[in-house]
Amino acid sequence: MSEPPDEPDPPRFPFPPGKHGDVTPRYAELRASSPVSRVRLPSGDTAWLVLRHADAVRVYADPVFSRRALTVPGTPRMAPGPDISDDPTGLLNLDPPDHTRLRRIVRGVFGVRAAEAWRPRSRAIAEELVDAMVAGGSPADLVEAIAIPLPLRGICELLGVPPADRELFRDWARKIVSIGAYPPQEVGAALAAARSYIADLVAARRAERPERPHDLLDQMIAARDVDDLLSEGELLTLSFGLLLNGHDTTVNSLVRGMLALLRHPDQWALLTADPDAVVAGVVEEVLRYAPPSDNGLLRLATREVELSGVRIAAGEAVLAPIAAAGRDPAVFTDPERFDVTRDARPHLGFGHGPHHCLGAHHSRVDLQEAYRALAGRLPGLRPAVGLDDLRWHGGLIGMSVRELPVSW
1 MSEPPDEPDP
11 PRFPFPPGKH
21 GDVTPRYAEL
31 RASSPVSRVR
41 LPSGDTAWLV
51 LRHADAVRVY
61 ADPVFSRRAL
71 TVPGTPRMAP
81 GPDISDDPTG
91 LLNLDPPDHT
101 RLRRIVRGVF
111 GVRAAEAWRP
121 RSRAIAEELV
131 DAMVAGGSPA
141 DLVEAIAIPL
151 PLRGICELLG
161 VPPADRELFR
171 DWARKIVSIG
181 AYPPQEVGAA
191 LAAARSYIAD
201 LVAARRAERP
211 ERPHDLLDQM
221 IAARDVDDLL
231 SEGELLTLSF
241 GLLLNGHDTT
251 VNSLVRGMLA
261 LLRHPDQWAL
271 LTADPDAVVA
281 GVVEEVLRYA
291 PPSDNGLLRL
301 ATREVELSGV
311 RIAAGEAVLA
321 PIAAAGRDPA
331 VFTDPERFDV
341 TRDARPHLGF
351 GHGPHHCLGA
361 HHSRVDLQEA
371 YRALAGRLPG
381 LRPAVGLDDL
391 RWHGGLIGMS
401 VRELPVSW
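First residue of the sequence shown: 1, per full-length UniProt numbering; consecutive thereafter.
Hints listed in this document are in silico derivations from the structure and should not be mistaken for laboratory results.
Just so you know, even glycine gets a beta-carbon here, dropped at the ideal spot from N, CA and C.
Treat the hints loosely; a few may be bogus.
When the alpha-carbon atoms are kept at most 20 Å apart in a straight line, the in silico SDA-like pairs for lysine to any residue are as follows [said to hold, decoys possible]: (1) Lys-19 with Gly-241; (2) Lys-175 with Gly-241; (3) Lys-175 with Ala-194.
Quick list of simulated restraints, FRET-style, between CB atoms [said to hold, decoys possible]: (4) Arg-12 with Ser-308: 32 to 38 Å; (5) Gly-309 with Asp-200: 28 to 34 Å; (6) Pro-80 with Glu-116: 38 to 44 Å; (7) Lys-19 with Pro-96: 36 to 42 Å.
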């Protein structure tokens with residue numbers, strides 16, 4: 001077992017992306033030479049960067065790598081200032097058994113059967129949005145027309161958020177999932193505003209006293225008030241986490257997937273030729289090739305452990321980027337090639353282990369219905385600007401374009 005000498009100044013993470021927002025080429029370079037190496041995070045702390053698929057699976061699944069331990073003051077942080085890792089009751093920041101207990105309360109709403117029951121509504125929303133985009137004329141911005149409203153409407157309907165309040169979360173979410181892209185005071189203000197809104201929404205729903213739960217928020221309130229399955233703080237943070245994370249993942253996947261398809265017209269042609277037959281494979285390849293999260297969530301080693309022959313000490317931070325795992329040639333043949341016909345299922349696009357994305361099944365349905373609607377209605381879809389002219393959101397957990405102008 002070996003440990004590389006400490007670098008006087010480890011490279012700064014995140015690395016600059018590849019061309020047109022592609023996965024940074026630094027992952028492939030380091031995977032070949034130093035698959036576990038130190039980097040300096042935006043916070044100034046250091047972490048071990050893990051770039052092999054097998055090591056990432058271990059980091060995500062092995063309880064030695066903890067999320068809860070990172071909520072203790074003085075432990076390494078991803079970004080300076082407040083962020084979603086500060087709340088020790090947040091679902092993303094818990095370890096089993098508390099994490100398992102909270103997921104159990106809502107898992108029925110996000111299971112495979114529930115996702116398939118949601119499909120007709122998802123298809124109706126997707127077709128409605130495509131119709132509205134077409135009616136507005138070419139060109140149009142795919143981000144504003146489809147990518148944001150589809151998943152946002154979905155999670156708000158599941159939670160019972162009034163339609164007039166949906167837009168509030170767009171700006172909050174962008175700041176909350178940033179990694180040093182916004183001043184700490186703006187991130188803190190967004191966190192406070194979102195949490196205050198959730199508290200007010202729960203209070204208002206309680207005042208209505210429905211005879212039986214109508215939506216997911218009612219079910220969680222009943223789990224607190226009737227069954228005593230969670231604390232008041234857990235109710236609020238669970239509601240907050242579901243609303244915040246319940247749409248951002250799908251937005252990023254939808255935008256980055258459409259960009260990948262438009263960059264590879266031969267793959268777009270496969271989808272438009274037979275959307276029903278191809279769309280499921282398209283979604284899985286998108287999740288591998290252009291996952292919703294480039295970086296993944298930081299974890300803390302709670303005891304000494306070895307990854308790829310490198311010793312990681314207790315108390316050291318570990319980061320296993322999802323995007324790096326998806327390009328590992330030990331798992332995926334010709335991983336730099338975007339191929340919607342491949343079997344991409346070993347991908348970690350929705351994570352792995354206890355923190356596997358709770359809404360993965362719903363997200364898959366929304367992505368499939370969005371791609372199906374676009375390919376079926378607009379087979380001639382193409383970028384309306386040069387790909388070099390796209391503007392990107394930087395400093396986020398997942399890279400995404402600000403606008404994706406398209407013509408047809």
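Now the hints, each set against the structure:
Distance check on the hinted pair: Lys-19 and Gly-241 sit about 32 Å apart at the alpha-carbon level, beyond 20 Å; violated. For the hint pairing Lys-175 with Gly-241, the CA-to-CA distance comes to about 14 Å; that is within 20 Å, so the pair holds. The hinted pair formed by Lys-175 and Ala-194 meets the criterion: a straight-line CA distance of about 11 Å does not exceed 20 Å. Distance hint check for Arg-12 and Ser-308: the Cβ-Cβ separation is about 22 Å, which falls outside the suggested range of 32 to 38 Å.
Our hint of 28 to 34 Å for Gly-309 and Asp-200 is violated, since their Cβ atoms are close to 52 Å apart. As the Cβ distance of Pro-80 to Glu-116 is approximately 42 Å, the hint placing it in 38 to 44 Å holds. In this structure the supplied range 36 to 42 Å holds for Lys-19 paired with Pro-96, their Cβ-Cβ distance being about 41 Å.
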